[in-house]
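S.K.: Note that the protein sequences, when read in sequence, are chains A and B.
Mapping to the numbering used here: the first sequence position 9 is 9, numbers consecutive.
Heads up: take any position in the second sequence, counting from 1, add 1000, and you land on the numbering used here.
Source of the hints: derived by calculation from the structure; they are not laboratory data.
Ideal Cβ placement from N, Cα and C applies to all residues, glycine included.
Among the hints, a few may not be true.
[As the list claims (entries may be wrong)] Restraint-style ranges between C-beta atoms, simulated for each label pair:
1) B:R1380 x A:V18: 53 to 59 Å
2) B:L1170 x A:A12: 55 to 61 Å
3) B:A1303 x A:L292: 52 to 58 Å
4) B:I1114 x A:L292: 53 to 59 Å
5) B:S1332 x A:I334: 53 to 59 Å
6) B:K1323 x A:L292: 50 to 56 Å
7) A:Q14 x B:S1387: 22 to 28 Å
8) B:G1363 x A:L292: 53 to 59 Å
Here is what each chain is made of, one letter per residue.
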Amino acid sequence: MQRNKFQWTNIAFQLGAVALALGFTTLVLILADAPPLEAYKNLFVGSFGSIKKFTDVLVAWAPLMLATTGLLVTFTAGLWNIGIEGQITLGAIFTTGVLRVLQDSSAPPTLILTLAILSGMVGGALWAALVGALKTFGGVNEIFGGLGMNFVATALTLWLIFGPWKRPGIGSMSGTEPFPEALWLPQITSLRLSIWSVVIAVAALICIYILLKGTYFGLRLKAVGRNMRSSFILGIPTWQYMMASFLVCGALAGLAGAIQVTAVYHRLIPSISSGYGFLGLLVAMLVNFQALWTLPVALFFAALNIGSIQLPIVLKLDSSLSGVLQGALVLSVIIMEGVRQRFLKAARERS
Amino acid sequence: MNVELIGIRKTFGPVTANDNIHLRILSGTIQGILGENGAGKSTLMKVLSGFIQADQGLILLDGKEVKIHSPADAIHYGVGMLHQDPLDFPPMKVIENFIAGSPGKIIPNAKEVIARFNELQRQFDFTLDPQAHVDRLTVGERQQLEILRLLWLGAQVLILDEPTTGISALQKLKLFETLRKLAAQGKTIIFVSHKLEDVEQLCHRVAVLRRGQLVGEATPPYRIDELVQMMFGKVVSFGGRESYKPGEMALELKDVSIEDYRMRIGPVSLQARKREVIGLAGMEGSGQLLFLRACTGLIRPTAGRMLVNGKDLTGKGYHTFLKNGVVYMPASRMEEGLVPGCSLMEHFVLARDQGGFFVDWEGAQKIAQEQIAGYNIHGRPDSTVESLSGGNQQRTLLALMRTPASLILMEHPTRGLDIESTLYIWSLLKERCSNQGSAILFISSDLDEILQYSDRILVFFAGRVSPPLDAASTTVDQLGQLIGGRGWDAF
């Protein structure tokens, strides 16, 4: 009975947080002289209005999920893997590189794609390992190291697009030469969605859920994240575990990059990560270590991103409205969590 | 300032921590509050110092009713509390800690404050360096700093929660002297402890709490057996000393030297045999901690050789020592021993190297229940460690020590535990000694504990290490002298 009551208050607080975020965004819309209801309606119609739109949401959802599940691992280890953007980018670069080398060979496309995606994971993991090594051996905080590596990754992409990998004739911001359709992850007829990216994202979520909940690795990682010194005294090799969490997260980020190349853009473009790394950080903060919640929350965030695409056309509003709503949501959830803790404490003291 | 507590009542869920407590403390008195763990001492003091609010009851200061809502409120009324773990800012300087928390100007006049600080500390013969960093101070010195800070903020009532744990014998003497001076100035001192001898030495009056109720008060001369009976409801006594049957070599040190930025220890040679208990005595910061940590592999010795079970582990890391059966229990529970946010069950899984990839959570549940029962821990398998009381955290630490262990190294194994728990813990440790053949090295600032449970004793003084003394033929007096730096010429 008691437990039940607390569960209801928890749900009430969560709904409160959503209301707070909507309230704030509505205020922003009113200040911008835009009709709020119309805007929300467009967001909804733009993301769930048709099968086509919904599958577009899933196209964005898959890489976002992969980035978020990776971040759950580093968050558990108490690490802020800001460098995830660069890790996605490196995944895309490695994938593109392997595809370019093998596209003219006689190897079967399935093999080429598999190799390309796997090397994307290696690329992401390597980039994350650099951040981890900087932290472990150089004493550079992973936030600063990761931020720096993000810039390097962006520069590397631009150099490749305008340098060695430029299109025949002249390089342009539209990216490298697109790959032949045989080297795309198979798509559903007339839609942009590849069912494979959805399968990979769900599989990643299940693996990470089991890894964090049911294994020694997950438990030790949690301990390292909560108290490194005690974990060391308890016999856990702490820096090796932190490094491992970087590798796992980097591999998943690299996988997201590989999906961006093989299933979405079919080439390397300058902003290949689409900001899913940073968006993933928001999702991971929002779900607060509960792996299964990433599925719906990432879906919601992806829907906001896709839904906002038509705002400029229909309402002359900037599509960054989705970012306002996402940011407001994370902030209000964190605020409400603080309020909830206070409320529970007061309730405990009363009872 | 006269303090009067009338009908204080405080419950936490089903537990009644304070049950209708009436207590009157007159100005200039050193009032002892005695009771075992969980008797309600800390709760009562937290109510008085504003950390928590009582459900019922009144607080009167000099006859006037006051409502204390926060520690800032309390100090405003002149009530200051010294916590068991000093609430200071370790990375900052002494003088910055002194200034922090004081109301007043935006830019403090450092020179003037330092002068005031030195003037204040001279009154009590403290010798703190205002420019020293707090993390370099001992617990005793941090306590002195906290006393000065509270006095500067205008404290008329000083509450001290277990102030003699973790400080050296000499610092304790100085603390008592200080408290007597303050009482003579008309300040009210409330001294919370479970140490009978401290209360006996210091307090003008004693109130005894048991299970949330005030069971009695006493004035000198105290009858110790009476106080013990009030505290526990029955008389407990220490068991007789048993002679040990030493086994093979568990730990051998050959001319080991250890150094840190303050101190150089050794060269020390020692042979600890299986089933032997060696107590490490000394003022805090005399080198015993460095020595113990070197035996765990956390600190590498600068010279000499270390053998565990005959195997040379010189220069190896902590985890290698652990694999070779060296088990270590640190003193700071939440910083070095336990992981906040993890449950008891998760701790037991972490501490056991079962191998494999997946955790058997059902088995873990069973193991956790066994350990909880075996070590008398008040908690459930899914309780997080930070929700446990200090004594239960301590028992959890003991339960987490791996078995089998050939060498057990402990810092203050029973700090913060009441007499009954202490007896219980030591009976478990002794059992480990005789059944598993573990050797034990432990640090304690409690001389009685050292004499009671050790077979041999090493005394540390300013980095010097005495030869092993036979505990059976050593007296408290001898030990006290050595700790204080006298009688070393004999070695």
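S.K.: Now, for every hint given, state plainly whether the structure supports it.
M.R.: Status of each hint after checking the structure:
no., hint, verdict
1, B:R1380 x A:V18: 53 to 59 Å, "33 Å, violated"
2, B:L1170 x A:A12: 55 to 61 Å, "57 Å, holds"
3, B:A1303 x A:L292: 52 to 58 Å, "56 Å, holds"
4, B:I1114 x A:L292: 53 to 59 Å, "58 Å, holds"
5, B:S1332 x A:I334: 53 to 59 Å, "30 Å, violated"
6, B:K1323 x A:L292: 50 to 56 Å, "37 Å, violated"
7, A:Q14 x B:S1387: 22 to 28 Å, "24 Å, holds"
8, B:G1363 x A:L292: 53 to 59 Å, "24 Å, violated"
In summary, the structure is inconsistent with hints 1, 5, 6 and 8 from the numbered list given earlier, while agreeing with the others.
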